[in-house]
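K.L.:
Make the full structure from the sequences, and use the hints.
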Amino acid sequence: MALELTDTNFQDKVLDSDKLTVVDFWAEWCGPCRAIGPVIEELSKEYDGKVNVGKVNVDHNPQLSINYGVTSIPAILFIKGGKVVDKLVGAQPKSNFVKKIEQHI
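Just so we're aligned: 6 in the UniProt record's numbering is position 6 of the sequence shown, and the numbers increase by one with no gaps anywhere.
Because the hints were derived from the structure by calculation, they are not lab data. Don't take each hint at face value.
Taking lysine to any residue and the SDA-like style, the derived pairs with C-alpha atoms no more than 25 Å apart in a straight line are [what the hints assert, rightly or not]:
1. K80 - W29
2. K80 - N9
3. K19 - P38
4. K83 - N57
5. K99 - H60
6. K87 - E46
7. K50 - A2
8. K99 - T8
9. K80 - I66
10. K80 - N96
11. K99 - S72
12. K94 - T8
13. K13 - P38
What follows is a list of derived Cβ distance ranges for each label pair [claimed, not checked]:
14. P93 - D7: 27 to 33 Å
15. E28 - T71: 16 to 22 Å
16. L3 - W29: 27 to 33 Å
17. W29 - Q103: 30 to 36 Å
18. G90 - E42: 16 to 22 Å
19. G82 - R34: 27 to 33 Å
20. S95 - D16: 28 to 34 Å
21. A35 - G82: 28 to 34 Å
22. S95 - P62: 19 to 25 Å
23. M1 - V98: 15 to 21 Å
By construction, the Cβ of each residue, glycine as well, lies at the ideal position given by its N, Cα and C atoms.
P.N.:
And the structure:
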């Protein structure tokens, strides 16, 4: 299951991790966000132990959205070594996520 990422645990779970972390910035009212939710969950199972997969609810954690310049959701950031190494914006097919993950593992 995807991690619930917050303003308080982001440093520990994402920035201090030595693994690639896929971070889905989303909101409950966002239709495209709900559409890719199952894909994010599938990725968290398929890459369990290899890649961290988490979700940031932008309504509950506005500071993270500001810090990363997230203005449109869903926004999926790929973070490794504390830095954003790639990003996707908008609903995407699963293959696009897999391609980005495989590039950065």
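K.L.:
Each hint needs a verdict: does it hold in this structure or not?
P.N.:
Status of the hints after comparison with the structure:
1. K80 - W29: 29 Å, violated
2. K80 - N9: 16 Å, holds
3. K19 - P38: Holds, at roughly 22 Å.
4. K83 - N57: The given pair, whose Cα atoms are some 20 Å apart, holds under the 25 Å limit.
5. K99 - H60: Distance of about 29 Å is beyond 25 Å: violated.
6. K87 - E46: This hinted pair holds, its Cα atoms lying about 20 Å apart.
7. K50 - A2: 13 Å, holds
8. K99 - T8: 30 Å, violated
9. K80 - I66: 19 Å, holds
10. K80 - N96: 18 Å, holds
11. K99 - S72: It holds: about 21 Å lies between the C-alpha atoms, which stays within 25 Å.
12. K94 - T8: 29 Å, violated
13. K13 - P38: Within the cut-off at roughly 21 Å; holds.
14. P93 - D7: 27 to 33 Å: Holds, at about 30 Å.
15. E28 - T71: 16 to 22 Å: 18 Å, holds
16. L3 - W29: 27 to 33 Å: 21 Å, violated
17. W29 - Q103: 30 to 36 Å: 31 Å, holds
18. G90 - E42: 16 to 22 Å: 18 Å, holds
19. G82 - R34: 27 to 33 Å: Between G82 and R34, where Cβ atoms are some 29 Å apart, the hint holds.
20. S95 - D16: 28 to 34 Å: Given about 30 Å between the Cβ atoms, the range holds.
21. A35 - G82: 28 to 34 Å: 30 Å, holds
22. S95 - P62: 19 to 25 Å: 31 Å, violated
23. M1 - V98: 15 to 21 Å: Given about 19 Å between the Cβ atoms, the range holds.
Comparing the model with each numbered hint stated earlier shows that hints 1, 5, 8, 12, 16, 22 do not hold.
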